[in-house]
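Generate coordinates for the entire structure from the input sequences, incorporating the hints supplied.
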Amino acid sequence: MPAFDADHTTVSTWPLLWETLRAQRRNLLIGTMIGLAWSVGKVASPVLIRFGIDRGIRDDEMLWLWAGLIAFAGLFAGFFTAFRRFYAFREARWTETRLRERLFGHIMSLHIGYHDRAQTGQLMSRSSSDLNQIQMFVVMIPITLSNLAMISAVTVILLITDWQLALLAFASLPLIQVLGSRFSRAIHPAVLAVQAEQAELATVVEESVGGVRVIKGFGAERVQAEKLRTEADDIRRESIKAARIRAKYLPAMELLPQVGLIAVLWFGGNQVINGDLSLGALVQFNVYVALLVWPLRMIGMTIAFAQRAAAALGRVNEVLDIASQVRNPDHPVDLPTTGGAEPAAGFGDIAFRGVTFTYPTMASETETGGPVLDGFDLDMGAGQSVAVVGATGSGKSTVVRLLVRFYDVDAGSISIDGVDIRELSLHDLRRAVGIVFEDTLLFHDTVRANIAFADPAAGAERVEQAARLAGAHDFIMGLPDAYDTMLGERGFSLSGGQRQRIAIARAILADPRILVLDDATSAVDPSKEHEIRDAMATVMAGRTTIVIAHRPGTVALADTVVLLDHGRVIARGRHDELLATEPRYRDVLAAMEQSDDEERRDLSDDVEATIGGD
Amino acid sequence: MFRMGAVTDDDKLDKEATRQVLRRAIGMAKPFRRTIFAALCFVLMSTLGLLLGPVIVRYGIDSGIDMKDTTTLRNAVIAYIVVVALAYLAARQQYIFINRAGEGFLRALRVRTFDHIQRQSLGFFDRYQSGVLISRMTADIESMAELVQWGLLQFVAAVFLIGLSLILMLSLSWQLTIAALLVMPVIIIASRKFQRDSNAAYLEVRERVGQNLSELQEGIAGVRVVQAYAQEKEQTRQFVASNRSLYQSHVHSIRVSTWYFGLVEALGIFSTGLAIGIGGWLVGRGDVTVGTVVAFVLLLAQLFEPVQQLSQLYNTVQSSAASLDKLFTILDTEPDIQGGSEELPERADLIVDGVGFTYPSTDTPVLRDVTISVADGERLALVGPTGAGKSTVAKLMARLYDPTEGTISFGGIDLRDATLGSLRERVVVVPQEGFLFGGSIADNVRIARADATDDELREALDAIGALDRFDAFEDGIDTEVRERGSRLSAGERQLVSLARAALVDPAVLVLDEATSSLDPGTEVIVEQALDRLMIGRTTIVVAHRLSTIQHADRIAVIDAGLLAELGTHDELVEIGGRYAALASAWAQSLPS
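Protein chains in written order, with our numbering: chain A, 1 to 614; chain B, 615 to 1206.
Source of the hints: derived by calculation from the structure; they are not laboratory data. Please note that the accuracy of each hint is not assured.
Beta-carbon label-pair distances, calculated as ranges [unchecked claim]:
1) B:S1103 - A:T581: 32 to 42 Å
2) A:G375 - B:I1189: 55 to 65 Å
3) B:D1069 - A:T356: 55 to 65 Å
4) A:A482 - B:T978: 26 to 36 Å
5) B:E1188 - A:T581: 38 to 48 Å
6) A:S125 - B:V725: 28 to 38 Å
7) B:E1094 - A:R117: 18 to 28 Å
8) B:R637 - A:A311: 34 to 44 Å
9) B:P799 - A:L320: 27 to 37 Å
10) A:T356 - B:H866: 54 to 64 Å
11) B:S1103 - A:D559: 38 to 48 Å
12) A:A199 - B:S677: 54 to 64 Å
13) A:A411 - B:H866: 50 to 60 Å
14) A:L320 - B:T978: 51 to 61 Å
Coverage of chain B stretches by chain A, computed from C-beta distances (three or more under 8 Å per stretch; other residues unrestricted) [to be verified]:
15) 752-760
16) 847-861
17) 896-908
18) 1025-1032
List of simulated lysine to any residue pairs, SDA-like, C-alpha gap at most 25 Å [as the list claims (entries may be wrong)]:
19) B:K644 - A:E226
20) B:K940 - A:H106
21) A:K248 - B:R1030
22) A:K248 - B:R714
23) A:K241 - A:R308
24) A:K248 - B:I695
25) B:K940 - B:G737
26) A:K248 - B:L927
27) A:K248 - B:A772
28) B:K847 - A:H106
29) A:K241 - B:R714
30) B:K940 - A:P332
31) A:K241 - B:A643
32) B:K644 - A:R237
33) A:K248 - B:A652
34) A:K248 - B:F769
35) A:K241 - B:A652
36) B:K644 - A:I240
37) B:K940 - A:Q195
38) B:K682 - A:R58
39) B:K847 - A:A460
40) A:K241 - B:M659
The structure presented is a predicted model; accordingly, all values stated were derived computationally and were not measured. No residue lacks a Cβ here, since even glycine has one placed at the ideal position from N, Cα and C.
Shown next as structure tokens:
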């Protein structure tokens, strides 16, 4: 993954894991202890089998006692193996769960400049597949620790029983481990190659589906079919390559223990014939060798998992290490209030002073843009409303983004009621300013929760009041479950105008001292535009409001208009004054009207496209 | 257990459906039957090798060690070495053959599904979201790879191992077999319960993973709103709630499965105890030898792992079956536009006769009784309010859809009777925006006619006046356009799109005029290219600009699915109907 903010990244992978695991040390320890109990049962059974054969069968002594003990050892080991597994998996999931929460909280707090550049898909994979790899490693911790205990115990027992035979039996086992890690190293690039080919096939499919009209129009199905065949062949080729690697290592790893068994049979068999070793001991060796196969293979796996987890942790850490560039002040100042029932009444002055701002350039962009705002000044008294008008790229929307500190100004200052916004806590600032965004985002939740977004504890009455003010109450009552109707991607889909009214209700409920309307009518069916405008007018009454106007009709809502060009205010006045005196204002309005027509046409085209395609 | 895949709602297939899907898949695997047969032989060999081990040990003990016969023991050891070596070779081959068959199967599935999707009409692409089609071709097929790569192998090997072990054990001693397998009923019952519970838990986990991922995605997508309303804490709280319920479902899934692994391990050792107890008793009675008992002990150690594998594999098999089922749904959709057998003439009139059209899965007709005859070489503009159906008329003329009523014919031949090949040569649609594929500019133009030579490509580009522009690039027309043509400007993409049409050199050109404006410089070039392209061809333009309409021979006004007016600009202005109103509104709105 390319680092978004390389200068903020420090590699401190293991401390993160250590810190996480330390919080869970108790349960991990319990898991390991249980694992040790398991290994006792597991190690005991071959010894018991040996006595069963030697004493029980051959000497005909206490046969049933030995058989019973073996059975008991089995139940004992089984019981603890289940528990070990339970603890290991549960703790691993807990690690994953907590890391994911931490990551989410962090992502939510990161400055918007970061989000402009971050790809959702990458952040998603940080908190799903990367955390999953970490989880897979944590599972192995208690399991590997108890496996190691078992391996050591078995080694000691066999060495005591017959050290020469033990060395012979074990000679092949380290090879399994070596093969295991070699296999991991060899298969990993092969798997990546397969994935790369799969991605190429996906590209062909994507463009074939996306460009279906071109393909159908020219009957070019064959061309794409050929491309797909090539990619499908590539996938097959790479997959078979990977299979060859598996074919080379996996059977070898499976059969290597047999080499130990053969050695034991030959040398041990001769010893039994010479009377140096009991038959039971021979079988015991066999069973032990078989017993060690899995734990040894798992150690190889653990090493591979650890490597992958380390890489995943590094990527997760890269995100966690980024500090938000928009910070809370150390000693936040409070906004002035009147106290009483409406503490913010009469407040809401805004002053932009010589504000200059340039968007940080993205790595992918070759050309660097100049400043978006360049010495921008604007004073607004409490309760005033201002429409910001300007051509595309004049910096209209940036004004708002700076006001809520999505970004910090490069030079100049912004203050609300005399307080520099950088001295306010982010929470206070953002609760003081309510924004209705141009593109309304509704969450997958009820209508009620979407309106009460700013204050989830708001009662039904307040929600309804806000909805009424926004002119949304009536249509909400017509929804299948009224205020409890689920919205969002998988929920009930509302029209553009309905979404806007929900967004306005959301802002009303927040009851901010300053309201920002980033032209709420732009995504609305023209016939419904006046309804939104009515709702906007209601909300604006008596509240400091900035309207970012994209449509001529919206401009009329505000007391005054400021005309923005190349990042500064070039004219300010009432709509009719400017229309009469300012030719540049007329140009911008005319352009707006034209693009407005086009927008509407696009909008209806969209409607048609969703029915019939275009 | 570790899997975390794309989540959809329809991952639940019942047993019967699973069985049907698998049966069909086996049918599709027929071309690979030889490879599969070879693979099975190798699996059989390597499994036998694994099982012969204990038998050889038995022989070594009974005839070698017990008889104090070193030669026999040596022979046993040699036999063992040979068996292991053969088993290794067979095991290698089994991987290769199974994968060859499996990957071959997947390749065939990819190609077949893709070809089938490509045969579908546009109506199909309207019905299916592109994301769904893409995930059928990628995630759904890939989810089967796991099964193909080792699931199948494990499955077959496990079945062989269990079957052969039983045969072997019975041949050694039936009494001991019964004794050792006393625990089998418990294992079988437990496996069934495990299968059921863990499968349910697995599906639950998948669902929660899906919910969690969409919460996450929503949080990231909505971060601006969240921050604007200072709701980071609340959002995190909600995410934590969803995350905890995911955790709980993980824990539940661990809980319902973990006892099973304990039980299998316990019973494995327990049955060894039984074998020794009863075996010892039988040895005492002289019914079996010590070597037999040892062989049993070793065989039992190998028997329980495959049982465990089988029940775990069930989940993999089931989710693969669910993926296959989704693919079959697509493969079972018959394409609704298929070519006829007649060749269209080089040039002719295009006649729309009493055409009505209703989009599938809707009730209201978009077009009703539209009749227009377009003479060879005529330029017709389709005008009307949005949603009136003018784009639909254009699409029907190119047979991107079939009319639900009436006919459209070229030179007297119903378009439905024409071969698709000749239809695509006569009628070409130029879409609003130039869609580019991966590859070079030349590759992109060649989409229109795969057999075109380089000279023909250059001629086509030259015909629309775009050759010089692209030749000025460093690699000329071999310049890679990059992803979705991002190397080129919007206007240049449009030029490529027009060059495609020029390469086909059709009799009829159907244009959907672009609504989004290009930068003024390229706009002129694109318009000139368009003008050159239209010369000498029948042209149907879905018009958005007055200038385009004024250049048309005749204008058809479509309103509310009906042909409202048809005539020349002057005629229609004369009538003083809808077109006249539209034209005057247009003229006024133009900034002077």
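Here is what the structure says about each hint:
| no. | hint | result |
| --- | --- | --- |
| 1 | B:S1103 - A:T581: 32 to 42 Å | holds, 38 Å |
| 2 | A:G375 - B:I1189: 55 to 65 Å | holds, 57 Å |
| 3 | B:D1069 - A:T356: 55 to 65 Å | holds, 56 Å |
| 4 | A:A482 - B:T978: 26 to 36 Å | holds, 29 Å |
| 5 | B:E1188 - A:T581: 38 to 48 Å | holds, 43 Å |
| 6 | A:S125 - B:V725: 28 to 38 Å | holds, 29 Å |
| 7 | B:E1094 - A:R117: 18 to 28 Å | holds, 25 Å |
| 8 | B:R637 - A:A311: 34 to 44 Å | holds, 42 Å |
| 9 | B:P799 - A:L320: 27 to 37 Å | violated, 52 Å |
| 10 | A:T356 - B:H866: 54 to 64 Å | holds, 56 Å |
| 11 | B:S1103 - A:D559: 38 to 48 Å | holds, 42 Å |
| 12 | A:A199 - B:S677: 54 to 64 Å | holds, 59 Å |
| 13 | A:A411 - B:H866: 50 to 60 Å | holds, 57 Å |
| 14 | A:L320 - B:T978: 51 to 61 Å | holds, 54 Å |
| 15 | 752-760 | holds (count 3) |
| 16 | 847-861 | holds (count 9) |
| 17 | 896-908 | holds (count 5) |
| 18 | 1025-1032 | violated (count 0) |
| 19 | B:K644 - A:E226 | holds, 24 Å |
| 20 | B:K940 - A:H106 | violated, 38 Å |
| 21 | A:K248 - B:R1030 | violated, 57 Å |
| 22 | A:K248 - B:R714 | holds, 15 Å |
| 23 | A:K241 - A:R308 | holds, 22 Å |
| 24 | A:K248 - B:I695 | holds, 19 Å |
| 25 | B:K940 - B:G737 | holds, 19 Å |
| 26 | A:K248 - B:L927 | holds, 23 Å |
| 27 | A:K248 - B:A772 | holds, 20 Å |
| 28 | B:K847 - A:H106 | holds, 10 Å |
| 29 | A:K241 - B:R714 | holds, 10 Å |
| 30 | B:K940 - A:P332 | violated, 57 Å |
| 31 | A:K241 - B:A643 | holds, 21 Å |
| 32 | B:K644 - A:R237 | holds, 21 Å |
| 33 | A:K248 - B:A652 | holds, 18 Å |
| 34 | A:K248 - B:F769 | holds, 20 Å |
| 35 | A:K241 - B:A652 | holds, 19 Å |
| 36 | B:K644 - A:I240 | holds, 20 Å |
| 37 | B:K940 - A:Q195 | holds, 22 Å |
| 38 | B:K682 - A:R58 | holds, 16 Å |
| 39 | B:K847 - A:A460 | holds, 22 Å |
| 40 | A:K241 - B:M659 | holds, 23 Å |
Violated hints, listed in ascending order, are 9, 18, 20, 21, 30; each of the other numbered hints is respected by the structure.
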